[in-house]
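So the chains spell out like this:
Number of protein chains: 2
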Amino acid sequence: MAKQDKLYIIKIGGNVIDNSRNLHEFLKDFHDLEGFKILVHGGGKVATELGKDLGVEPKMIDGRRITDVETLRIVTMVYAGLINKNIVAQLQFRGCNAIGLTGADGNLIRAQKRPVKEIDYGFVGDLHETSVASHMLSKILEDGLIPVFSAITHDGEGQLLNTNADTIASAIAVAMSKHYETSLIYCFEKKGVLKDVDDDDSVVREIPSGDFEQLKSDGIVAGGMIPKLHNAFEAIKSGVSEVFIGKADELDQLSKQTFGTRLIN
Amino acid sequence: MAKQDKLYIIKIGGNVIDNSRNLHEFLKDFHDLEGFKILVHGGGKVATELGKDLGVEPKMIDGRRITDVETLRIVTMVYAGLINKNIVAQLQFRGCNAIGLTGADGNLIRAQKRPVKEIDYGFVGDLHETSVASHMLSKILEDGLIPVFSAITHDGEGQLLNTNADTIASAIAVAMSKHYETSLIYCFEKKGVLKDVDDDDSVVREIPSGDFEQLKSDGIVAGGMIPKLHNAFEAIKSGVSEVFIGKADELDQLSKQTFGTRLIN
Chain L
1 MAKQDKLYII KIGGNVIDNS RNLHEFLKDF HDLEGFKILV HGGGKVATEL GKDLGVEPKM
61 IDGRRITDVE TLRIVTMVYA GLINKNIVAQ LQFRGCNAIG LTGADGNLIR AQKRPVKEID
121 YGFVGDLHET SVASHMLSKI LEDGLIPVFS AITHDGEGQL LNTNADTIAS AIAVAMSKHY
181 ETSLIYCFEK KGVLKDVDDD DSVVREIPSG DFEQLKSDGI VAGGMIPKLH NAFEAIKSGV
241 SEVFIGKADE LDQLSKQTFG TRLIN
Chain P
1 MAKQDKLYII KIGGNVIDNS RNLHEFLKDF HDLEGFKILV HGGGKVATEL GKDLGVEPKM
61 IDGRRITDVE TLRIVTMVYA GLINKNIVAQ LQFRGCNAIG LTGADGNLIR AQKRPVKEID
121 YGFVGDLHET SVASHMLSKI LEDGLIPVFS AITHDGEGQL LNTNADTIAS AIAVAMSKHY
181 ETSLIYCFEK KGVLKDVDDD DSVVREIPSG DFEQLKSDGI VAGGMIPKLH NAFEAIKSGV
241 SEVFIGKADE LDQLSKQTFG TRLIN
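Same order as they appear, the protein sequences are chains L and P. Position one of the first sequence corresponds to residue 1 (the numbering used here), numbered consecutively onward. Position one of the second sequence corresponds to residue 1 (the numbering used here), numbered consecutively onward.
There's no promise every hint is true.
Note: identical chains are not told apart, hence a pair may lie in one copy or across any two.
In silico DSS-like cross-links for lysine-lysine, where the CA-CA straight-line distance does not exceed 27 angstroms [what the hints assert, rightly or not]:
| # | residue 1 | residue 2 |
| --- | --- | --- |
| 1 | Lys191 | Lys237 |
| 2 | Lys139 | Lys256 |
| 3 | Lys139 | Lys178 |
| 4 | Lys216 | Lys178 |
| 5 | Lys113 | Lys28 |
| 6 | Lys113 | Lys191 |
| 7 | Lys6 | Lys139 |
| 8 | Lys237 | Lys113 |
| 9 | Lys178 | Lys52 |
| 10 | Lys216 | Lys190 |
| 11 | Lys237 | Lys190 |
| 12 | Lys178 | Lys45 |
| 13 | Lys45 | Lys113 |
Hints were generated in silico from the structure; no laboratory data involved.
Using the sequences and the hints, build the whole thing.
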């Protein structure tokens with residue numbers, strides 16, 4: 001490992017996982033991406049559907065999803081078992097030596113159960129600066145393996161914890177920036193930050209951190225994009241070289257510098 | 001890695017996994033065992049129960065369990081997700097740097113879907129001589145990680161396969177005997193091979209391969225023990241140094257040479 005080596009951390013969510021054609025297309029592009037890489041995946045609808053089949057109602061408090069014992073059981077089965085291992089098997093088929101992981105495996109991501117304040121979120125993990133065991137994760141990469149993380153971590157005391165996949169991707173990117181030149185890539189349903197919300201092709205190609213305030217004032221960055229970009233610039237401040245936000249099915253554009261919106265310092 | 005380094009491959013089944021007190025006790029003893037080690041676990045009743053809850057009836061043909069698409073889905077969730085990750089989290093709590101794996105991860109165990117003859121077993125994997133990627137598995141051990149395998153493999157073409165845990169343990173032990181001095185340990189419900197089937201303490205301490213035929217003639221080895229010992233001696237012929245058969249809760253006796261029945265060449 002050398003600081004000049006490039007490492008991509010790519011996060012995909014339900015819109016990729018729930019559609020097998022999207023997923024296969026994405027995994028092909030992921031395979032083609034050169035350099036060190038790590039995949040982080042969320043859960044999608046499968047966990048909700050399994051919950052329904054088992055008669056476990058989603059628990060919500062003030063619109064926030066709660067991970068009770070039954071829900072943790074379900075997400076552990078679906079994220080760490082079903083989805084993770086099928087992605088690994090698919091990547092293996094493509095010649096990508098993937099290894100499916102949770103934060104418990106190799107003690108790679110140790111979280112803290114979210115403290116109970118107004119809401120008890122249940123078995124949800126929050127990450128902190130030393131959560132990611134970057135040295136062990138580097139060893140795994142140097143072994144020639146491609147880590148595929150599901151959004152499950154642990155607290156080091158035997159408890160698994162449901163953890164936001166965006167947060168996991170960001171924490172990995174920041175921690176690994178000590179060892180590699182890291183690029184963090186968030187795949188979501190749009191092609192990037194759009195100048196005109198009604199024009200899918202009006203992607204803003206690059207946003208330097210200094211432009212963030214102006215874009216907010218202009219209303220180009222609004223709603224759910226504000227926290228997304230805020231977190232992205234925080235990651236950049238903490239050592240990540242660049243963050244991309246774009247559409248999973250355009251990942252092949254990354255090498256041509258025409259993938260989504262690039263956020264830089 | 002050096003050939004003189006000792007490696008233990010320990011297989012546990014439903015009688016350990018289904019009882020949380022047994023499991024915790026076992027994991028404590030597993031943690032205390034010195035040297036390189038690998039755990040292989042079966043499934044237990046959880047998969048059957050989840051199947052019932054989901055209205056998936058176990059498919060049997062001529063008394064043999066069939067792994068159809070739905071059953072594969074369930075065992076992938078339960079073995080590779082729920083059971084595997086909880087064991088890993090428990091081991092991490094004890095300071096054991098466990099990593100949960102299937103055969104798909106790191107392409108560590110590649111199986112072949114069982115050919116359809118009289119019975120179509122469905123998505124069941126058979127292992128062959130080159131199934132285990134012993135070099136990669138050695139790297140993982142040398143990284144300081146303790147592999148914990150669930151009984152799921154893959155065919156290298158994107159298909160996960162349900163695979164017998166005893167067979168996985170044996171294939172790992174044989175393949176790793178190129179790199180380590182391997183001991184294969186099968187935990188089951190009895191203390192070992194018993195001289196007197198009604199006396200739990202009449203354990204035969206050691207069986208050299210040359211005594212196997214005589215013990216069969218004498219009826220001391222009978223019924224289900226015959227294939228078990230047959231397979232154990234096959235593993236020894238293929239390079240494994242010793243095979244133990246004993247009770248999970250007596251694993252702490254291993255270092256004192258008073259664990260179960262030891263099979264040697």
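Against the structure, the hints:
1. For the homomeric pair Lys191 and Lys237, the shortest alpha-carbon distance inside one copy (24 angstroms) is at most 27 angstroms, but the shortest distance between copies (59 angstroms) is not.
2. Within a single copy, Lys139 and Lys256 get their C-alpha atoms no closer than 29 angstroms, and across copies no closer than 35 angstroms, so neither meets the 27 angstroms cut-off.
3. With identical chains, the CA atoms of Lys139 and Lys178 are at most 27 angstroms apart both within one copy (14 angstroms) and between copies (23 angstroms).
4. When the C-alpha separation of Lys216 and Lys178 is checked against a cutoff of 27 angstroms, the pair qualifies neither within a copy, at 31 angstroms, nor between copies, at 62 angstroms.
5. With identical chains, the CA atoms of Lys113 and Lys28 are at most 27 angstroms apart between copies only, with a shortest distance of 24 angstroms across copies and 36 angstroms within one.
6. Taking the shortest alpha-carbon separations for Lys113 and Lys191, neither the intra-copy value of 34 angstroms nor the inter-copy value of 41 angstroms comes in at or below 27 angstroms.
7. Taking the closest pair of Cα atoms, Lys6 and Lys139 come within 27 angstroms of each other both inside a single copy (15 angstroms) and across two copies (23 angstroms).
8. Taking the shortest alpha-carbon separations for Lys237 and Lys113, only the intra-copy value of 26 angstroms comes in at or below 27 angstroms, while the best inter-copy value is 50 angstroms.
9. Proximity of Lys178 to Lys52 under the C-alpha cut-off of 27 angstroms is found in neither arrangement, the shortest distances being 43 angstroms within a copy and 49 angstroms between copies.
10. Taking the shortest alpha-carbon separations for Lys216 and Lys190, only the intra-copy value of 18 angstroms comes in at or below 27 angstroms, while the best inter-copy value is 69 angstroms.
11. Proximity of Lys237 to Lys190 under the C-alpha cut-off of 27 angstroms is restricted to the intra-copy arrangement: shortest distance 25 angstroms within a copy versus 59 angstroms between copies.
12. Proximity of Lys178 to Lys45 under the C-alpha cut-off of 27 angstroms is found in neither arrangement, the shortest distances being 35 angstroms within a copy and 45 angstroms between copies.
13. Within a single copy, Lys45 and Lys113 get their C-alpha atoms as close as 24 angstroms, which meets the 27 angstroms cut-off; across copies the closest is 29 angstroms, which misses it.
Violation of the numbered hints given earlier is confined to hints 2, 4, 6, 9, 12; the remaining hints are satisfied by the structure.
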